[in-house]
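Based on the hints, put chain U in the right spot on chain P.
So the sequences go chain by chain: P and U.
Note that my numbering has the first sequence beginning at 7, numbered continuously upward.
Note that my numbering has the second sequence beginning at 305, numbered continuously upward.
Here are the simulated DSS-like pairs of lysine-lysine, each with C-alpha atoms no more than 25 angstroms apart in a straight line:
no. : chain 1 : residue 1 : chain 2 : residue 2
1   : P       : Lys299    : U       : Lys534
2   : P       : Lys281    : U       : Lys534
3   : U       : Lys534    : P       : Lys274
Which bits of chain P does chain U cover? Going by a derived footprint, with three or more residues having C-beta under 8 angstroms, they are:
no. : segment
4   : 208–216
5   : 347–355
Think of the hints as simulated: they come from the structure by calculation, not from any bench.
Think of the CB as a built atom: it goes at the ideal place given N, C-alpha and C, for glycine as much as any other residue.
Next come the chains, spelled out residue by residue.
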Amino acid sequence: MAERIFVTGAGGFIGARLVEVLHCAGGWQVVAGVRRWSTAARVARFGVELAQCDIRNPDQVARALSGVTHVVHCAVTGDDPATIVDGTRVLMEGALKAGVKKVVHLSTVDVYGRPEGEVVEERPYAITGRVYGDSKIEAEAAVQALAAQGLPVTILRPTLVHGPFGATFTIAYAQRLQSAPWLVPASAAQGTCNLVYVDDLVGAIIAALETRTAPGDAFNVNGPERPTWDDYFQALNAALGLPPLAYAQPGKARLTQQLMEPVRYAAKATLKRLKPQIMAVYQRSELARRFMKAAEARVRNTPNANELEAFGRRVSFSSAKAERVLAYRPRFDLSEALPLTAAWLRASGFLLAP
Amino acid sequence: MSAPTLALIGCGAVAEAFYVPALRKRPEVAHSLIVIDPDRSRAQALRERLGAAAALTDYREVLHRISGAMVLTPHHLHCPMALELARHGVAVLCEKPLADSAAEVDAIVAAGHTHGVPIMVNQTRRLFPAAREVRRLIADGALGKLREIRFELGAPFDWPAATPAYFRGGRGVLFDTGVHVVDLVCWWLGGEPEVLDYADDSRGGTEAVARVRLRLHDVVADIHLSWLTKLRNAYRIVGERGAIEGGAYEWASFQLKGRKMRASRSWQGYEDFVAVLLDNFVDVIGGRSEPLVSAADVRPAIAVIDECYRRRRLLDEPWHDAWQGLFPEARLAAHG
Numbered sequence: 007m008a009e010r011i012f013v014t015g016a017g018g019f020i021g022a023r024l025v026e027v028l029h030c031a032g033g034w035q036v037v038a039g040v041r042r043w044s045t046a047a048r049v050a051r052f053g054v055e056l057a058q059c060d061i062r063n064p065d066q067v068a069r070a071l072s073g074v075t076h077v078v079h080c081a082v083t084g085d086d087p088a089t090i091v092d093g094t095r096v097l098m099e100g101a102l103k104a105g106v107k108k109v110v111h112l113s114t115v116d117v118y119g120r121p122e123g124e125v126v127e128e129r130p131y132a133i134t135g136r137v138y139g140d141s142k143i144e145a146e147a148a149v150q151a152l153a154a155q156g157l158p159v160t161i162l163r164p165t166l167v168h169g170p171f172g173a174t175f176t177i178a179y180a181q182r183l184q185s186a187p188w189l190v191p192a193s194a195a196q197g198t199c200n201l202v203y204v205d206d207l208v209g210a211i212i213a214a215l216e217t218r219t220a221p222g223d224a225f226n227v228n229g230p231e232r233p234t235w236d237d238y239f240q241a242l243n244a245a246l247g248l249p250p251l252a253y254a255q256p257g258k259a260r261l262t263q264q265l266m267e268p269v270r271y272a273a274k275a276t277l278k279r280l281k282p283q284i285m286a287v288y289q290r291s292e293l294a295r296r297f298m299k300a301a302e303a304r305v306r307n308t309p310n311a312n313e314l315e316a317f318g319r320r321v322s323f324s325s326a327k328a329e330r331v332l333a334y335r336p337r338f339d340l341s342e343a344l345p346l347t348a349a350w351l352r353a354s355g356f357l358l359a360p
Numbered sequence: 305m306s307a308p309t310l311a312l313i314g315c316g317a318v319a320e321a322f323y324v325p326a327l328r329k330r331p332e333v334a335h336s337l338i339v340i341d342p343d344r345s346r347a348q349a350l351r352e353r354l355g356a357a358a359a360l361t362d363y364r365e366v367l368h369r370i371s372g373a374m375v376l377t378p379h380h381l382h383c384p385m386a387l388e389l390a391r392h393g394v395a396v397l398c399e400k401p402l403a404d405s406a407a408e409v410d411a412i413v414a415a416g417h418t419h420g421v422p423i424m425v426n427q428t429r430r431l432f433p434a435a436r437e438v439r440r441l442i443a444d445g446a447l448g449k450l451r452e453i454r455f456e457l458g459a460p461f462d463w464p465a466a467t468p469a470y471f472r473g474g475r476g477v478l479f480d481t482g483v484h485v486v487d488l489v490c491w492w493l494g495g496e497p498e499v500l501d502y503a504d505d506s507r508g509g510t511e512a513v514a515r516v517r518l519r520l521h522d523v524v525a526d527i528h529l530s531w532l533t534k535l536r537n538a539y540r541i542v543g544e545r546g547a548i549e550g551g552a553y554e555w556a557s558f559q560l561k562g563r564k565m566r567a568s569r570s571w572q573g574y575e576d577f578v579a580v581l582l583d584n585f586v587d588v589i590g591g592r593s594e595p596l597v598s599a600a601d602v603r604p605a606i607a608v609i610d611e612c613y614r615r616r617r618l619l620d621e622p623w624h625d626a627w628q629g630l631f632p633e634a635r636l637a638a639h640g
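Just chain P, same shape as in the assembly (with noise of 0.2 angstroms):
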């Protein structure tokens, strides 16, 4: 009989492409989480069984847990760290009580904060300050708290994840890559690019869900190869098909970065004080709205200081304990997941017209 597996964050790009895995492989009853109707729409193209359950609700999760036996945890509960830490807590509860065969909980690289050099497991912890690093490592500190009581979970820290419906590896910079100038010169995007593609990372899952780990395990989840910065942005533009990228002259691009942090902040500010003020000046006046547009696409298409350090740094994060102890073979280089995320970004709208 199949085994019954609950995924969180299926209405996510992760948490989706793995529902839309499972029930193409077979052998799995995949029951897709969401916490909303209304992000359901891209896996219930496959007709799978839908739950609609809020993670930071006991009586939700016990009731999407009934006759579960295994356990995907890829929600992301909102900005807000509480409900991130909150919802892992109470899912993994749920869990314990259900009595799962297996449970396995998506963290990040971020843990480590921003380090150096080669990254293996034993590495400690870092806060940076960083909401979404920081709160995930409350998460894996709430997560292996149950597995010290018996919970059979095992804890996966994938790169950076790439791929069709990627918002912020993929879709970002293919939109940025079609304007010009390119704002990042080839001489600040040496650092280390640690992708790993969305079908590797689904792949690295599965075989977590397959085998025998200690409770609590964890396990980098990086992509075949550690191209630069730079030779991703290339490999995507080329793949979509675009001009050489025209780099902005070094000082112009350190300037334009300069100039927009501020205004970045400002508008990030203005938008969460009075957003139903700016909304109706948008629905109403197309010359706001057209003001409105150009600078946001400014605002998007300019790197932040974060970026920027993220493209210098040396870094890279090893998949070796993963190969070895999991059985995980990644096999999705640029060359070979590069050709399909372009089809899609073309097929789904994101190229402009020539």
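Coordinates of chain U only, in the frame set by chain P:
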């Protein structure tokens, strides 16, 4: 003149987003309204917000004491409810799409005739001043002989649905937002086009991306729909003497041969269109007006959509199929 007694059936997201704001502009209608939802608390909450006359859980309780009903329920309930209401002599204003097939539309139209009640549909985009002006220009030959229509409509599905009804029944984006576009194309072209091709991404569930190719009188219409990503959300109508271009959500303006045309500035939002429709519904019930959009009017679009689903083929999605490389052949063979 007193307002007729109306029922509002279905107190979900459509009611909240469009009908509540419109009814607030028509207090004389709202105050005599009976609101109905199987979820009593929803019905009660809406009754209080509108100052409506009553809140109930079953529309069958009021069939004998209402003149008209607004049907704002999940899609699959439109047809059976419209039929039952008509059989009881109740006029109907139904949200789109109204029915699954041309045969169902015919049955609804026949029920309306037999029982002497109007059946109307909220096809909001037909009320857009820009859409009406585009239709007039096409009919007047402003573009000469038409050649093609292209229409893209897509955005991540974000409707605050209270239930998973949108994802049941195997009909997705084409039936939901696509019915707006297909209906506009049929209306602009003045008939029911043949389906040249239809492909979507359903793999056993509801499609989220669809591509439609239609033809009527040598005019080919290409429609691209998505519930997953934002598309251009625009249309382009090309004729031998120029083109009309417009935004899918621009109800007041469009471009004719590169020149901006302003159709109207009088309406501010969707609730204004619903208010117009409500006024029309009340007038039609009172015998003072003809329906702006009747059930018979939407038959071509429903027939085209039904034919699309019959001819459904899978979109080519190489990025999807790549998952097979993740597994050894033995496992794939085992699980089929």
